[in-house]
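These protein sequence lines map, in sequence, to chains A and B.
Each residue of the first sequence is one higher than the one before, starting from 0 at the first, in numbering that gives the first Met the number 0.
Each residue of the second sequence is one higher than the one before, starting from 0 at the first, in numbering that gives the first Met the number 0.
No lab work stands behind these hints, which were simulated from the structure alone.
Keep in mind that a hint or two might mislead.
[What the hints assert, rightly or not] Below are the DMTMM-like pairs computed for lysine to aspartate or glutamate, each with C-alpha atoms no more than 20 angstroms apart in a straight line:
no. : chain 1 : residue 1 : chain 2 : residue 2
1   : A       : K259      : B       : E36
2   : B       : K64       : A       : E36
3   : A       : K163      : A       : E102
4   : A       : K64       : B       : E39
5   : B       : K213      : B       : D136
6   : B       : K163      : B       : E195
7   : A       : K213      : A       : E270
8   : A       : K18       : A       : D243
9   : A       : K213      : A       : D243
10  : A       : K213      : A       : E339
11  : B       : K163      : B       : E102
12  : A       : K259      : A       : D269
13  : A       : K193      : A       : E146
14  : A       : K64       : B       : E36
15  : B       : K259      : A       : E36
16  : B       : K213      : B       : D243
17  : B       : K259      : B       : E245
18  : A       : K259      : B       : D345
19  : B       : K64       : A       : E39
20  : A       : K259      : A       : D243
21  : B       : K18       : B       : D312
22  : A       : K193      : A       : E99
23  : B       : K259      : A       : D345
24  : A       : K64       : A       : E290
Protein chains: 2
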Amino acid sequence: MVSSTAQANRKYPDMLDLKPVLGAIDAVLGSAARPVELHEPRFGQRERELVLDCIDSNWVSSAGKYVTRFEEMVAAATGARHAVAIVNGTAALHAALVLEGVEQGDEVLLPAITFVATANAVSHAGAIPHFVDSTWDTLGLDPQALEAHLDAVAERRNGAWVNKQTGRRLRAVVPVHIFGHPVDMAALGAVAAKYELVIVEDATESLGSTLGGKGCGTFGHSAVLSFNGNKIVTTGGGGMIVTDDEAHARHARHFTSTAKRAHAWAFDHDEVAYNYRLPNINAALGCGQMERLPAMVDAKRRLAERYLLAFSDFPWARIYREPEGSQSNYWLNTLVLEREYAAERDRLLAALHGHGIRARPLWTPMHLLPMYRDCPRSQLPVAEDMHTRCINLPSSPFLAESANKV
Amino acid sequence: MVSSTAQANRKYPDMLDLKPVLGAIDAVLGSAARPVELHEPRFGQRERELVLDCIDSNWVSSAGKYVTRFEEMVAAATGARHAVAIVNGTAALHAALVLEGVEQGDEVLLPAITFVATANAVSHAGAIPHFVDSTWDTLGLDPQALEAHLDAVAERRNGAWVNKQTGRRLRAVVPVHIFGHPVDMAALGAVAAKYELVIVEDATESLGSTLGGKGCGTFGHSAVLSFNGNKIVTTGGGGMIVTDDEAHARHARHFTSTAKRAHAWAFDHDEVAYNYRLPNINAALGCGQMERLPAMVDAKRRLAERYLLAFSDFPWARIYREPEGSQSNYWLNTLVLEREYAAERDRLLAALHGHGIRARPLWTPMHLLPMYRDCPRSQLPVAEDMHTRCINLPSSPFLAESANKV
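In isolation and in its complexed conformation, chain A is listed as follows (with noise of 0.2 angstroms):
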């Protein structure tokens, strides 16, 4: 938060100087070797050891030991009560939009703010993205704003709730908990019950995040993770479903490995499905990297701190903290500039990349995407605004340990 002493002291120049930004960023980072990447992994001796035992037990591919330990930690991790291995996050969210229901035609709320593969994956599902706003909050679905707008589009038609705008059926909503930052998840359960919506989190961000002291991937029926090579524990590529109930875990492992019907033999199958299981070796990977998460989120939250004392007296822009209530994984660090500066944004985002820093702006929104130009939308302005003025900064965990002490 901008302090009020700053506040009153702010005399808004046209043009930002870059220079002191450059510099705190700088005495964050430290000692690391330029040009430093927004997330990169690291990989120890335990990483090593489990592949390789996995290239010589001769099985790399999917059901493999690995990928049933590899659930096992993933679970625990989460709190949830059991948890499916796939290939990557996206294919997580496809199938767990399928599985939760969602069919060809419905209608799936996410907010617009959000890595475009969250939009894709109710695509995938043959259903139409319905964008929704996002808070400050959070930086993630807004739940009055969600409320404010069913109760202006949503009418009760044959015992289902519909967009009165399409004629098409409301099935779920997508929290997407944004760089590991918690969505208000009691009051999005409230307006998900009054709408009868599925909610599936995507948690894709989250892995290690808590809100109430509750894993992030345990508040919807089921939700996804992601492991690709840019999270706070890869698999290369990889994905998970996790949910608490077991019958619903168990549809999702017989949906995302063809459908097959268990047999010494015979090749039988019960329902068009897929391919989608996360092969051992990835599995083996992550087994690795899941035994450093709780050090890992230490060191990202170190970080954190770092910058956000870094950025603590200055006037025009500030660190994004984790919501009220929440411990966040701190996935990707937020620059958040005060508006009057969001003109300013690429000029910063150009300045910072001469310097050997790999910053990136917040993802276009989705409702300014070609392909999804034309689907339902609430008013986006805080999206909008959001969009304008966020930048992310490097935030791998061994960064925690170049920092300059401060």
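Since chain A is already given, all that's left is putting chain B on it; use the hints.
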């Protein structure tokens, strides 16, 4: 082929004596440890080295140097100009169909005898599988039966060929080189040209097979390969789209990596797209495997020769031999029972499993699976016959070494 002497002498006992079959297979498998799986990979020092190098580079996710190298190796091995590494064979076929213009509600022709993934990929593209018959000449799709069927059901409407029974557009045909044996692509090409069908080759089982000296995967406009754990070359899970068309390859790359437009920092995407690229760590494993592809094809062909020899005097069963003019990778060796003994197939399978030999029947034909029961299809007498009397035998390349010298 069954010799004419044997045919003249055959007596058709009511129940087969299974002992000689087990004996013949035992003679081929020699000292291999029981149970003997249908197909298992083996990894050497090279695979270990490359995977560790990949881990040590901290670049395990998509778009790494091993992905590019793996693509180049696979392109060179098949003779295709371009190769795009995909997360698995099913995803590769799904993407390939969409990239070739298959749309929601189209029909795609494919053999009823194939692994379920072929039909699933058609469904994933929103199209309807349309099953056609196979031929004993290749075990694959029968171009003559296809032509006769299309002559009966296809009709030209508004400049497109449609199935006059359903009114749906006939868009593509997917020949599958079953167990590595090439389909008669010249004959198929003529039928496809007549009915303006795009050919997407399913070469998931036939890496290293050639037809008239040309690699499987280079006959259609594009083709797909698989590197699943049971394939001749494995990446854990993996697939590939190959094509000679540079613009097509470029689009395939874009479409399978979220359609992100190149930019130093901005996240803009220009079509609904997929996260389907192969992670670098899987590609590293594949690079190690590809170095040994010629040796593995050679070993598998030697193993096939042993099976052929071991069953050369059997009056009521034979080992399937590669089609004339082709060099098969003999992905899976196939024992074909004479028609009179089709009813004995499951008794033989049970005996083989009891004996530690993990044989299996052909996949259940697609039109007999519940989810594909109502799909359009031709008469399928050969497919149904084939299913009742083919058994796949253990075919891992290393078995060529453990086999008794004959």
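Quick rundown of the hints versus the structure:
1. K259/A x E36/B: holds (18 angstroms)
2. K64/B x E36/A: holds (17 angstroms)
3. K163/A x E102/A: holds (18 angstroms)
4. K64/A x E39/B: Status holds; Cα separation ~16 angstroms.
5. K213/B x D136/B: holds (19 angstroms)
6. K163/B x E195/B: Since the Cα atoms of K163/B and E195/B sit roughly 16 angstroms apart, the hinted pair holds (cutoff 20 angstroms).
7. K213/A x E270/A: violated (35 angstroms)
8. K18/A x D243/A: violated (50 angstroms)
9. K213/A x D243/A: Between K213/A and D243/A the Cα gap is close to 13 angstroms, so the pair holds against 20 angstroms.
10. K213/A x E339/A: Not satisfied, since the Cα-Cα distance of roughly 37 angstroms exceeds 20 angstroms.
11. K163/B x E102/B: holds (18 angstroms)
12. K259/A x D269/A: With a Cα-Cα distance of about 7 angstroms, the restraint between K259/A and D269/A holds, given a limit of 20 angstroms.
13. K193/A x E146/A: Holds, at about 9 angstroms.
14. K64/A x E36/B: Since the Cα atoms of K64/A and E36/B sit roughly 17 angstroms apart, the hinted pair holds (cutoff 20 angstroms).
15. K259/B x E36/A: Measuring from Cα to Cα gives roughly 18 angstroms; hence the hint holds.
16. K213/B x D243/B: holds (13 angstroms)
17. K259/B x E245/B: Distance of about 19 angstroms is within 20 angstroms: holds.
18. K259/A x D345/B: This hinted pair holds, its Cα atoms lying about 19 angstroms apart.
19. K64/B x E39/A: Given pair K64/B, E39/A holds - Cα atoms ~16 angstroms apart, limit 20 angstroms.
20. K259/A x D243/A: violated (23 angstroms)
21. K18/B x D312/B: holds (15 angstroms)
22. K193/A x E99/A: Holds - the C-alpha atoms of E99/A and K193/A are around 18 angstroms apart, at most 20 angstroms.
23. K259/B x D345/A: OK: K259/B and D345/A at ~19 angstroms, within 20 angstroms.
24. K64/A x E290/A: holds (16 angstroms)
Checked against the numbered hints given earlier, this structure breaks hints 7, 8, 10, 20; the rest are met.
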